[in-house]
Amino acid sequence: DQQVKQNSPSLSVQEGRISILNCDYTNSMFDYFLWYKKYPAEGPTFLISISSIKDKNEDGRFTVFLNKSAKHLSLHIVPSQPGDSAVYFCAASGRTGNQFYFGTGTSLTVIP
Amino acid sequence: DTEVTQTPKHLVMGMTNKKSLKCEQHMGHRAMYWYKQKAKKPPELMFVYSYEKLSINESVPSRFSPECPNSSLLNLHLHALQPEDSALYLCASSQVAGTYTDTQYFGPGTRLTVL
Numbered sequence: 001d002q003q004v005k006q007n008s009p010s011l012s013v014q015e016g017r018i019s020i021l022n023c024d025y026t027n028s029m030f031d032y033f034l035w036y037k038k039y040p041a042e043g044p045t046f047l048i049s050i051s052s053i054k055d056k057n058e059d060g061r062f063t064v065f066l067n068k069s070a071k072h073l074s075l076h077i078v079p080s081q082p083g084d085s086a087v088y089f090c091a092a093s094g095r096t097g098n099q100f101y102f103g104t105g106t107s108l109t110v111i112p
Numbered sequence: 001d002t003e004v005t006q007t008p009k010h011l012v013m014g015m016t017n018k019k020s021l022k023c024e025q026h027m028g029h030r031a032m033y034w035y036k037q038k039a040k041k042p043p044e045l046m047f048v049y050s051y052e053k054l055s056i057n058e059s060v061p062s063r064f065s066p067e068c069p070n071s072s073l074l075n076l077h078l079h080a081l082q083p084e085d086s087a088l089y090l091c092a093s094s095q096v097a098g099t100y101t102d103t104q105y106f107g108p109g110t111r112l113t114v115l
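Line order of the protein sequences matches chains A and B. Each residue of the first sequence is one higher than the one before, starting from 1 at the first, in the numbering used here. Each residue of the second sequence is one higher than the one before, starting from 1 at the first, in the numbering used here.
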């Protein structure tokens with residue numbers, strides 16, 4: 001049973017434009033959310049996180065938005081660059097432990 | 001420094017072989033993890049070590065045997081694997097297990113192929 005879902009397996013965006021990656025979750029006990037970026041043949045790299053007490057967190061070109069009532073989070077990348085082309089995973093964890101639940105990933109391609 | 005290293009990068013083994021995967025971190029983290037990732041799937045948690053003790057075993061078959069010799073090292077011993085065990089094996093670490101706001105940092109993974 002997939003508790004964290006990324007319904008778009010792929011996304012293509014022009015360089016310089018905004019990339020919006022979406023993630024939905026079902027478990028209302030999740031309180032901490034993260035985005036990871038993964039290149040082929042490499043491990044996931046931590047990008048940005050947000051806890052449930054916030055609805056927005058920014059780090060440079062990356063902003064994560066959290067809508068707890070909709071159980072939805074999104075990652076905005078502005079402006080998108082070709083080097084951002086990778087698979088992006090969202091992950092969630094709850095107060096019951098340190099287990100992360102990962103989404104299935106969205107493959108982002110930024111077209112030069 | 002947020003580096004987690006894993007060796008080897010690639011491993012090909014037969015179903016009767018015994019091999020080990022190694023993971024190392026020098027960030028002073030006290031929690032370490034093994035994940036398995038199949039193509040186009042999210043990472044699946046296998047084991048969690050907290051302060052060098054096994055705290056979570058996600059019903060992993062006994063042909064996978066984890067070991068944490070010290071706070072910086074994590075091994076995964078492999079024996080009598082099946083072809084369906086072929087996957088990317090990822091190691092991760094975090095400051096303290098059980099803290100839900102703790103970020104996990106991943107190594108580059110070992111690509112395992114079982115023939």
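None of these hints come from the bench; they were simulated from the model. Hints are not guaranteed to be accurate.
Reference excerpt, derived from the structure (chain B facing chain A, CB under 10 Å, subset only) [claimed, not checked]:
id: 1; residue: P61
id: 2; residue: P66
id: 3; residue: E67
id: 4; residue: C68
id: 5; residue: N75
id: 6; residue: T103
id: 7; residue: F106
id: 8; residue: T113
Pairs of lysine-lysine residues, derived as DSBU-like cross-links and limited to a Cα-Cα distance of at most 30 Å, are as follows [said to hold, decoys possible]:
id: 9; chain 1: B; residue 1: K18; chain 2: A; residue 2: K5
id: 10; chain 1: A; residue 1: K56; chain 2: B; residue 2: K18
id: 11; chain 1: A; residue 1: K68; chain 2: B; residue 2: K40
id: 12; chain 1: B; residue 1: K18; chain 2: A; residue 2: K68
id: 13; chain 1: B; residue 1: K41; chain 2: A; residue 2: K71
id: 14; chain 1: A; residue 1: K5; chain 2: B; residue 2: K41
id: 15; chain 1: B; residue 1: K9; chain 2: A; residue 2: K54
id: 16; chain 1: A; residue 1: K71; chain 2: B; residue 2: K40
id: 17; chain 1: A; residue 1: K68; chain 2: B; residue 2: K9
id: 18; chain 1: B; residue 1: K19; chain 2: A; residue 2: K5
id: 19; chain 1: B; residue 1: K38; chain 2: B; residue 2: K18
id: 20; chain 1: A; residue 1: K56; chain 2: B; residue 2: K41
id: 21; chain 1: A; residue 1: K71; chain 2: B; residue 2: K22
id: 22; chain 1: A; residue 1: K54; chain 2: B; residue 2: K18
id: 23; chain 1: A; residue 1: K5; chain 2: B; residue 2: K38
All values reported here derive from a predicted model rather than from experimental measurement. Beta carbons: idealized from backbone N, C-alpha and C, even for Gly.
How the hints compare with the structure:
no. : hint            : verdict
1   : P61             : 19 Å, violated
2   : P66             : 16 Å, violated
3   : E67             : 20 Å, violated
4   : C68             : 15 Å, violated
5   : N75             : 17 Å, violated
6   : T103            : 5 Å, holds
7   : F106            : 4 Å, holds
8   : T113            : 13 Å, violated
9   : B:K18 <-> A:K5  : 36 Å, violated
10  : A:K56 <-> B:K18 : 48 Å, violated
11  : A:K68 <-> B:K40 : 27 Å, holds
12  : B:K18 <-> A:K68 : 47 Å, violated
13  : B:K41 <-> A:K71 : 21 Å, holds
14  : A:K5 <-> B:K41  : 11 Å, holds
15  : B:K9 <-> A:K54  : 38 Å, violated
16  : A:K71 <-> B:K40 : 23 Å, holds
17  : A:K68 <-> B:K9  : 39 Å, violated
18  : B:K19 <-> A:K5  : 34 Å, violated
19  : B:K38 <-> B:K18 : 21 Å, holds
20  : A:K56 <-> B:K41 : 27 Å, holds
21  : A:K71 <-> B:K22 : 37 Å, violated
22  : A:K54 <-> B:K18 : 48 Å, violated
23  : A:K5 <-> B:K38  : 17 Å, holds
Of the hints listed earlier, those the structure fails to meet are numbers 1, 2, 3, 4, 5, 8, 9, 10, 12, 15, 17, 18, 21, 22, in rising order.
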